[in-house]
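Student: Input sequences plus hints: build the corresponding full structure.
Number of protein chains: 2
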Amino acid sequence: MLKKERLFAPGPTALLPQAQAAMAAMHWHHRTAEFRKLLTGTRERLQRFLGTKNEVMLLAASGSGAMEAAVVNGLSPQDRVLVLTAGKFGERWEQLAKAYGCAVESVKLPYGESFGPQHVQGKVSAHTAAVLVQATESSTGVRHDIEGIARAARQANPEVLILVDGITGIGTSPLEIDAWDLDFVIGGSQKAVMIQPGLAYLSVSERAWRAMEKSRAPRFYFDLRRERKSQAQGETAFTPATGLVAALHAALEYIEANGGRAGLVANAELLARATRAAAAALGLRRFGGGTPAGALTALEAPAGLDSGEIVKGLRQKFGSVIANGQGEMKGKIFRVAHLGYYDFSDTLALLGQLELVLVQAGKLEKAKLGAGVRAAQTLWLEAAAGQGAEA
Amino acid sequence: MLKKERLFAPGPTALLPQAQAAMAAMHWHHRTAEFRKLLTGTRERLQRFLGTKNEVMLLAASGSGAMEAAVVNGLSPQDRVLVLTAGKFGERWEQLAKAYGCAVESVKLPYGESFGPQHVQGKVSAHTAAVLVQATESSTGVRHDIEGIARAARQANPEVLILVDGITGIGTSPLEIDAWDLDFVIGGSQKAVMIQPGLAYLSVSERAWRAMEKSRAPRFYFDLRRERKSQAQGETAFTPATGLVAALHAALEYIEANGGRAGLVANAELLARATRAAAAALGLRRFGGGTPAGALTALEAPAGLDSGEIVKGLRQKFGSVIANGQGEMKGKIFRVAHLGYYDFSDTLALLGQLELVLVQAGKLEKAKLGAGVRAAQTLWLEAAAGQGAEA
Numbered sequence: 239m240l241k242k243e244r245l246f247a248p249g250p251t252a253l254l255p256q257a258q259a260a261m262a263a264m265h266w267h268h269r270t271a272e273f274r275k276l277l278t279g280t281r282e283r284l285q286r287f288l289g290t291k292n293e294v295m296l297l298a299a300s301g302s303g304a305m306e307a308a309v310v311n312g313l314s315p316q317d318r319v320l321v322l323t324a325g326k327f328g329e330r331w332e333q334l335a336k337a338y339g340c341a342v343e344s345v346k347l348p349y350g351e352s353f354g355p356q357h358v359q360g361k362v363s364a365h366t367a368a369v370l371v372q373a374t375e376s377s378t379g380v381r382h383d384i385e386g387i388a389r390a391a392r393q394a395n396p397e398v399l400i401l402v403d404g405i406t407g408i409g410t411s412p413l414e415i416d417a418w419d420l421d422f423v424i425g426g427s428q429k430a431v432m433i434q435p436g437l438a439y440l441s442v443s444e445r446a447w448r449a450m451e452k453s454r455a456p457r458f459y460f461d462l463r464r465e466r467k468s469q470a471q472g473e474t475a476f477t478p479a480t481g482l483v484a485a486l487h488a489a490l491e492y493i494e495a496n497g498g499r500a501g502l503v504a505n506a507e508l509l510a511r512a513t514r515a516a517a518a519a520l521g522l523r524r525f526g527g528g529t530p531a532g533a534l535t536a537l538e539a540p541a542g543l544d545s546g547e548i549v550k551g552l553r554q555k556f557g558s559v560i561a562n563g564q565g566e567m568k569g570k571i572f573r574v575a576h577l578g579y580y581d582f583s584d585t586l587a588l589l590g591q592l593e594l595v596l597v598q599a600g601k602l603e604k605a606k607l608g609a610g611v612r613a614a615q616t617l618w619l620e621a622a623a624g625q626g627a628e629a
Numbered sequence: 239m240l241k242k243e244r245l246f247a248p249g250p251t252a253l254l255p256q257a258q259a260a261m262a263a264m265h266w267h268h269r270t271a272e273f274r275k276l277l278t279g280t281r282e283r284l285q286r287f288l289g290t291k292n293e294v295m296l297l298a299a300s301g302s303g304a305m306e307a308a309v310v311n312g313l314s315p316q317d318r319v320l321v322l323t324a325g326k327f328g329e330r331w332e333q334l335a336k337a338y339g340c341a342v343e344s345v346k347l348p349y350g351e352s353f354g355p356q357h358v359q360g361k362v363s364a365h366t367a368a369v370l371v372q373a374t375e376s377s378t379g380v381r382h383d384i385e386g387i388a389r390a391a392r393q394a395n396p397e398v399l400i401l402v403d404g405i406t407g408i409g410t411s412p413l414e415i416d417a418w419d420l421d422f423v424i425g426g427s428q429k430a431v432m433i434q435p436g437l438a439y440l441s442v443s444e445r446a447w448r449a450m451e452k453s454r455a456p457r458f459y460f461d462l463r464r465e466r467k468s469q470a471q472g473e474t475a476f477t478p479a480t481g482l483v484a485a486l487h488a489a490l491e492y493i494e495a496n497g498g499r500a501g502l503v504a505n506a507e508l509l510a511r512a513t514r515a516a517a518a519a520l521g522l523r524r525f526g527g528g529t530p531a532g533a534l535t536a537l538e539a540p541a542g543l544d545s546g547e548i549v550k551g552l553r554q555k556f557g558s559v560i561a562n563g564q565g566e567m568k569g570k571i572f573r574v575a576h577l578g579y580y581d582f583s584d585t586l587a588l589l590g591q592l593e594l595v596l597v598q599a600g601k602l603e604k605a606k607l608g609a610g611v612r613a614a615q616t617l618w619l620e621a622a623a624g625q626g627a628e629a
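Protein sequences, first through last, are from chains X and E.
Just add 238 to the spot in the first sequence (first one is 1) and you have our numbering.
Just add 238 to the spot in the second sequence (first one is 1) and you have our numbering.
No lab work stands behind these hints: they were computed from the structure.
Just to be clear, a hint being listed does not mean it is correct.
Since the list gives no way to pick out one identical chain from another, each pair is judged satisfied if it fits inside one copy or across any two copies.
Unchecked claim - DSS-like, lysine-lysine: derived pairs with alpha carbons at most 25 Å apart:
id, residue 1, residue 2
1, LYS568, LYS601
2, LYS275, LYS568
3, LYS361, LYS452
4, LYS336, LYS452
Tutor: Spelled out as structure tokens, the structure:
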């Protein structure tokens, strides 16, 4: 039997074919009128996609590079920063801020929980330089209440910088940069925007640009003030990842034609709800008590089965790549992505594969085959009826 | 008339089609056995290509990011470093070392000149932490005597680190990492290795790994110790630029089948000599008094003609992209690349285009048409005869 390789990991994810083609066709020099127009157009499309008036900067790096850019441009050694961490990427913020000498105070929750305004109240003062948080924690499949966190932090200190790692959260759950007054919001190419890894972007508020004037952290490759001057001219301070810029431009064109970011979020949320409904029908528990993200669903392996067996089974029997748990969650949970270029049929197929793997592992009765798929189908019918009623 | 777009700038350069195809086909998750094998195989091929026993690290960044990695891993604030600068990229080393608090002493030569051992003698002491230099200075088309510089520096201080920006020099002029005992040697994907920008690599000596243990510069995204642990497992500390890794693997396969780095260097040197012979026949002066590089040739525009007119003419009339001078050299010189995926026929065509542009600009007599091409052809015949004699 043929087995098509399908990526269902929360990044890198399924690739948009026309964006791949645009990347492969790219051969322009980056200091030409054509490329300047492409770079400027891509940044404008990114602004529209993100729904922000803030400038959006492109960097040749993976998302962690843009996280570093936010820290080294916005902060200084000894700055007091509050990190909200309930997963592997929260820990990345901690490591990063410590690497640049910030005085880090961490608010920790168990893996799988979500942060809200109550977790910053009383923690942010006039001496707090910044709050660092993920929109969606990819390691656990939950999202944090960025709107509430930002409002509570801002009430305590109007000048505090809010740094949001939106790498997995952008285009998968609501995230309103301007309405929520977020200072640095970071995204990566290999997530909802459907292209390969290697290009990062971040939106930068006016407050953040002002903060850079007094920041004393050393920086060169990720110096955003220098990038701002270059990118205003359609260039970059250092050689850009030209192919990925072309790919991103093509992907944003596709996304705009399909309802923009709101359309992507609605799509991811539908697939996430379908996956949760299927899991419930199959007796699989969602991991953690936090607010489920649209980007991915983290499920616990049935008792007595290592989640790695599910990952391996899907891979070997069907060619589908899902993610195991990370760190202490390895072997206990598995994670299925919905972010970016996935449609309902992809999800149906994966659920059908999952049922078969569970049956062969002795963790699902044969009589239950199709139960997860049916739950997802039922949800699709309701969604379709809802859309019909609206039309 | 059709006009094919041809890149003759010293990066990004002409792309190898099969590497583009490999990039477009890449859709693997980076934490899979397949990708680990690809990453490990690419690093091994890079080692062979560079001819070094040193470990070679890959980074999702442009070449300047790997220059930063060398500085922040090998050096500490207040370290005394000697920067040899005679062009725009020498100035980049200066800016970078200063950004991270090093005590920079610069040895400056006019643009277009080359450094040799005499420029470091008496400048390196037991207190000098590092010497920073370009193998080839792309802004002026000359190469520096890295072998002599390294030997002189090492005689004065056996532990001094030698940081070589080989972004343009690798695969275009001789560069022997192990024999010359070079500590950090940096390369970029968009140069001799024939693929798009966005992937950087650097070789790291044992002395450099030891130096990292005491370096106090802050670092996170470019932390090479962390990368070393990950890359030993076929992974990277942060999401890799998967498509560019696949492209690099394919390009190195092509390069190995065509004589490896030595074959590339011989090819670039032949094209460079052909271009210089053609320039002489056309009355064009090579820029500067330094040692000409194999990577590119910098020529002065004829008196009374802005070099931008030559750049524009080649672009508009024939679709060829060459480079203007940078900074103070803009308008005075133009630069033609030979690095990577160029063959003799590409060079012949460009020389023919250049003659036509000069005739239309009134800077070459019509009777001289073909004189540059003929000089290049004559050189080709001599090279072919030489190869015949060797065979």
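Student: Each hint should be assessed against the structure and marked as holding or not.
Tutor: To see whether the hints hold, each was checked on the structure:
1. LYS568 x LYS601: Answer is within; shortest intra-copy Cα gap is 19 Å, inter-copy 71 Å.
2. LYS275 x LYS568: between (45 Å within a copy, 22 Å between copies)
3. LYS361 x LYS452: For LYS361 and LYS452, only the intra-copy Cα distance (24 Å) is at most 25 Å; the inter-copy one is 35 Å.
4. LYS336 x LYS452: Classified as both: same-chain Cα gap 19 Å, cross-chain 18 Å, threshold 25 Å.
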